[in-house]
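J.: What follows is the residue order along each chain.
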Amino acid sequence: MGKMNMVEAINLALKQEMEKDGDVIVLGEDVGVDGGVFRVTEGLLDAYGEERVIDTPLAESMIAGASVGMAIHGLKPVCEIQFSGFSYISFHQMEAHAARYRARTQGRFGIQMVLRCPYGGGVRALEHHSESREAYYAHTPGLKTVIPSGPRKARALLVSAIRDPDPVIFYEPKAAYRAFREEVPEDEETFPIGESEIVREGKDITFITYGAMLQRTLDAADTLQEEDGVEAEVIDLLTVSPMDDQKFTESVRKTGHVVIVHEAHRSFGPGAEMAARLVEKSFLYLEAPIRRVTGYDVVIPLYQREKDYIPDVKRILHGARETLEF
Amino acid sequence: MGKMNMVEAINLALKQEMEKDGDVIVLGEDVGVDGGVFRVTEGLLDAYGEERVIDTPLAESMIAGASVGMAIHGLKPVCEIQFSGFSYISFHQMEAHAARYRARTQGRFGIQMVLRCPYGGGVRALEHHSESREAYYAHTPGLKTVIPSGPRKARALLVSAIRDPDPVIFYEPKAAYRAFREEVPEDEETFPIGESEIVREGKDITFITYGAMLQRTLDAADTLQEEDGVEAEVIDLLTVSPMDDQKFTESVRKTGHVVIVHEAHRSFGPGAEMAARLVEKSFLYLEAPIRRVTGYDVVIPLYQREKDYIPDVKRILHGARETLEF
Amino acid sequence: MPKKEIDLAYKIEHLSILDEDGELDSDLEPDISDDLLVKMHRTMLLTRRFDERMLTLQRQGKMGTFAPIKGQEASQIGAAAVLKEKDWLAPSFREMAAEVWRGKSMENILLVYAGFNEGGLIPDESHTLPVCIPVATQVPHAAGLAYAIKFKKEENVVMVFHGDGATSEGDFHEGLNFAAVFQTPTVFVCQNNQWAISVPRSRQTHSKTLAQKALAYGMPGIQVDGNDILAVYSAAKDAVERARSGDGPTLIECITYRMSVHTTADDPSEYRDEEEVKEWEKRDPITRFQKYLKQKDLLSDEDIDNLEEEIKSDIKDVVQSWEEKMEDLGDPTDMFTYQYAELPPHLVAQKEEFEAMLSKKE
Amino acid sequence: MPKKEIDLAYKIEHLSILDEDGELDSDLEPDISDDLLVKMHRTMLLTRRFDERMLTLQRQGKMGTFAPIKGQEASQIGAAAVLKEKDWLAPSFREMAAEVWRGKSMENILLVYAGFNEGGLIPDESHTLPVCIPVATQVPHAAGLAYAIKFKKEENVVMVFHGDGATSEGDFHEGLNFAAVFQTPTVFVCQNNQWAISVPRSRQTHSKTLAQKALAYGMPGIQVDGNDILAVYSAAKDAVERARSGDGPTLIECITYRMSVHTTADDPSEYRDEEEVKEWEKRDPITRFQKYLKQKDLLSDEDIDNLEEEIKSDIKDVVQSWEEKMEDLGDPTDMFTYQYAELPPHLVAQKEEFEAMLSKKE
Ligand SMILES: Cc1ncc(C[n+]2csc(CCOP(=O)(O)OP(=O)(O)O)c2C)c(N)n1
Ligand SMILES: Cc1ncc(C[n+]2csc(CCOP(=O)(O)OP(=O)(O)O)c2C)c(N)n1
Ligand SMILES: [Mg+2]
Ligand SMILES: [Mg+2]
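Protein chains in written order, with my numbering: chain A, 8 to 333; chain B, 8 to 333; chain C, 649 to 1010; chain D, 649 to 1010.
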């Protein structure tokens, strides 16, 4: 298939899954004729028709709620909420129903649906278009929350998400949509939901990150190598919840030092859970406090100041060096 | 005033603040004629009339959204969402507006409102009536989240919340509504939002808890004293966010051991943030892993099994002993 | 050109066939088989008595909170009786009569209100959804499910119940709009029982009827006397036929009355007049229907007596079998079982932790 | 008793006063002072040109995404012109014309779209709310604010703008219902510009008009030709007077057209026909109004030329002053300032951490 950006890779996953499985349908605002405001669903309407690619009225709770209803009757809806900042309007449908229907009916009706939404900063957007609130979903039992970091993983994880019998929140880092290209195999590829990946091996410090923060964390790791002679291990979380704590709690047994990097607000954010698990599972191996390099506990500023909010290489390096020097 | 239960104490706070300040108004489903499904707003309608005590139509987003509008024009709405399990329907109004209006208008319009709701298990209720999802609110910049543990604090904190210039989520542990009585002074009493309290001093282990879990944590502390000769310090968090980490990070410098107790799900729950702060601020003093004794990461079961989900004295003791024996 | 009235294509009508005095408008009388009429009556009586029994069980502390249906038997059974087995029913939390009509296990109903998740089980073949507690949130499900039916070119319809209070929720609005836009086979049955806990219908919305809310979606809407089972049946039949033949959704407002408490946690004397309840007792849907059946010679006083005995014994059996079942429901690890199709590692660990705690002594 | 039509008390009308050919229905002509007419025209032209300028600035990369108003000047200014200074206006994100009419700083508008939070400042005396991005979520605010006005026994009203797409959201429904129940002084002005991004009005809802959605709330609703500023003004005047005199809310549907892109991030050629845009150009609200003013001898071609020059220079000044302002906006710690009335300890610490980072070299 050659090199693809994340938008193309997600589009490929949707196309191939729709081709393979007639029960997969796509719905949301502007996903049809327009092909999605980020063009993620481009071409689907032409290929699969307006019964399977549904331009819905402007109503997020209905998008999620109707998806639940469709899933009850065996369809596999992949719905899009145009920006994660509007997904809270449908939050109660996910919390009260998507997440609970299997348990409520003692196994009869699992809600096999994916709720996709672009999240995070970095595209010079308006207010409400740059949030990273994956923690809301991650704290909700019954849901799975997945965040890919690049095109290939995005494609593989979305295929897995669509086939997953449980509801999956698929958060797409919009800053990574067109940031770079990767080889994406034409043939089917999946990646297990609930598994993280060691993307760079090292023995001195462990970085845990995901989404659009992966690239800059890798950059920071390179700088550490060059400038400090420090070998950093970098773990791409990929699934925020259920969180794979095995790789990172093991990594720290080797490195003794941890820096967590995410765009989400620090307090009550995903990094807090990582820190708690590290203390629970690898307490004796921690040689220094765990550093959280994250968005601050403020509403992300409009785009001129976004870069001050979102962790950058400089902040990641600073965090790492502080930890190492502890 | 004599001894009061929490329902009476909250009612007192509302009455006295309404008496004192004509801009304070109460709105929600069944808060007027019925006096609230838990009788918390009893007598307010008779005393202040239906313009200040508003039985609204059944629409949570409107309740929160109309409150925002009222606050813009200088009223101080105290709105009630009948159960926290339905507050997610209004979540986007709190996230997108209550929490942001001050920043959006560069200080012109602060949203001085309180959103009250009963939360937590313990009253043999139906599905959706027993959740503890304070973490959703705590992770939202611009909001404050307060959870009292008993009548006196409930009264004092609610008064502070009503007078606070920022939006406050006031989570009321319904299991504590009528569980016990406390002396509540007739005269005005406030308690600073953002401050925790050491409710029992000790030198061997630190318990951090809040809401309905405080009493059973105190019971566990007593048992530890009696059976193990262990002196436990118990901290009542009172405000979940902004979190006062000073008292508990200092406490651990003395005790070296921490057990966190809350009803909320463990993963991505408030305890994770406490653990992260402890590691950040008191790393060298931690002598054992931090234990989280919490609700499991499952939807809280219907009432017959609720007790299996909610931490009890046995689980708290077990957690404490494990930490102490580490 | 200047100021001209727009023809809205729909008008809102009120339908009544069998009035409170038992007078029948025979022109409008629906064609219902004797068997079906008798079955409808039996289920009305059964669910009335079962409701009463549940109240007793609750008062005895054997069960937790539930929402009684007393007074709404015609509004529920009249509508549900139109459905075929493969049609779907999406209840809210006050449609026990409709659920029993659809064959839902009465033991399971008791189990849920006694706090056992196990009662939530939906048998494989059943097309009756579980109770939905958050008001109006089931409405979009019904619209989406009906979309799926249409998509699969099936002939079934979805009937969704909701209250008068529910019409104020955003999810009601969004669900009806979706159904109308995609002309899904959905029938919205509003149980306008005059109260949403303590809030009377008149304060819930300023519109004269709830049926007219259909106009907002370009959908037919009709108001019926909900204590007149013939009217409910007729309106539902029209709506279901329209839905089944591809002509889209309908909103039916059933004017009925919640004769009992909101739930067992509620005390209506705080907010409503006993007089009002008395007035509505005169319009009891069961006695009215019995008059009709007697006129048709399908029912005698003796039949009623026999039926009452039969029902009493049936309910006794149900309660007994429920009590036995409860004793067997001993496995608290059940709370982990259905969270996900497969237990993820952190829940495996938490379950082990839980099991270890269980086996520990106090 | 049987099947009878219910009188809904309201009918839905369409209002047009000055048609696309400039024909006037003089019976319906509103009484507007010459000064006001001239000011309305000037603001229409000013905001049209400002909108165009913003598009250029955006294309030059000097500004981020924004939502152009081209074509909706009459729908916005016609309505806002009815308001008194102390009345409130709650815009969505596409009401720049109404905001400018209300005296909002054009520099601040540019600042926000250039990504500076500082542009969001609302001056102390202003009763114009900030832009609201999440569709329809401003609607309940307007209802609540109007409640507060009524509560305080003030005479002001709240006018809230929203789109055709917004009518599908739950918050629209809940807000209108609240306003009708409490008869708040709220005027809901729907800018039906035929599109919600790529979704045409016909797919947004199955109802024939958006105005008829008012019937769901027992509220008067009217549809007006939104490119006819006289019709918009008239309908708004009626509604505002009704609200001011305590007779409750109104829904006004303005039929207009989004002549430009949805936002600068959008490419309408993906989903709509250029032909349609051409058709609507013939109905341009500005040229139509100009015909009227010329007939009334309030405007000449020369006046227009002069006005265009004046506006050009005004806009130049605004842009220049904006560019200067931007240079001064150098303090990134601003992001901490307005989160709470007082900075809580954890933010004090985070702010210090941030400042320390700022002062560090790369
Ligand atoms: C979203 C939501 N808000 C509040 C409640 C609490 N509650 C339960 S029933 C009810 C009133 C419902 O009124 P209505 O829709 O008329 O149904 P009825 O109870 O009369 O059958 C309320 C407020 C709830 N279950 N869900
Ligand atoms: C709640 C919400 N969902 C989605 C969006 C993204 N979005 C911005 S404008 C828009 C369409 C709005 O249509 P309409 O209400 O007709 O207003 P218009 O843009 O035509 O002025 C959408 C979907 C949003 N801003 N808010
Ligand atoms: Mg009701
Ligand atoms: Mg529009």
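In case anyone wonders, no lab produced these hints; they're calculated from the structure. Treat the hints with care, since some could be wrong.
[Stated by the list, open to error] Here are the computed lysine to aspartate or glutamate pairs in the EDC-like style, where the Cα-Cα straight-line distance is at most 16 Å:
1. C:651 x D:661
2. C:1008 x B:238
3. C:800 x A:30
4. D:652 x C:700
5. D:960 x D:755
[Unchecked claim] One side only, chain A facing chain D, incomplete, derived with CB under 8 Å:
6. 37
7. 40
8. 129
9. 132
10. 135
11. 274
12. 291
13. 303
14. 331
15. 332
Note that the coordinates shown come from a computational prediction; the quantities given were computed from them, not determined experimentally. Backbone N, C-alpha and C fix where the C-beta goes; we use that ideal spot for every residue, glycine too.
J.: Against each hint, give a clear statement of whether it holds in the structure.
T.: Against the structure, the hints come out as follows:
no. : hint           : result
1   : C:651 x D:661  : 6 Å, holds
2   : C:1008 x B:238 : 23 Å, violated
3   : C:800 x A:30   : 9 Å, holds
4   : D:652 x C:700  : 36 Å, violated
5   : D:960 x D:755  : 15 Å, holds
6   : 37             : 5 Å, holds
7   : 40             : 4 Å, holds
8   : 129            : 12 Å, violated
9   : 132            : 6 Å, holds
10  : 135            : 5 Å, holds
11  : 274            : 7 Å, holds
12  : 291            : 28 Å, violated
13  : 303            : 5 Å, holds
14  : 331            : 16 Å, violated
15  : 332            : 14 Å, violated
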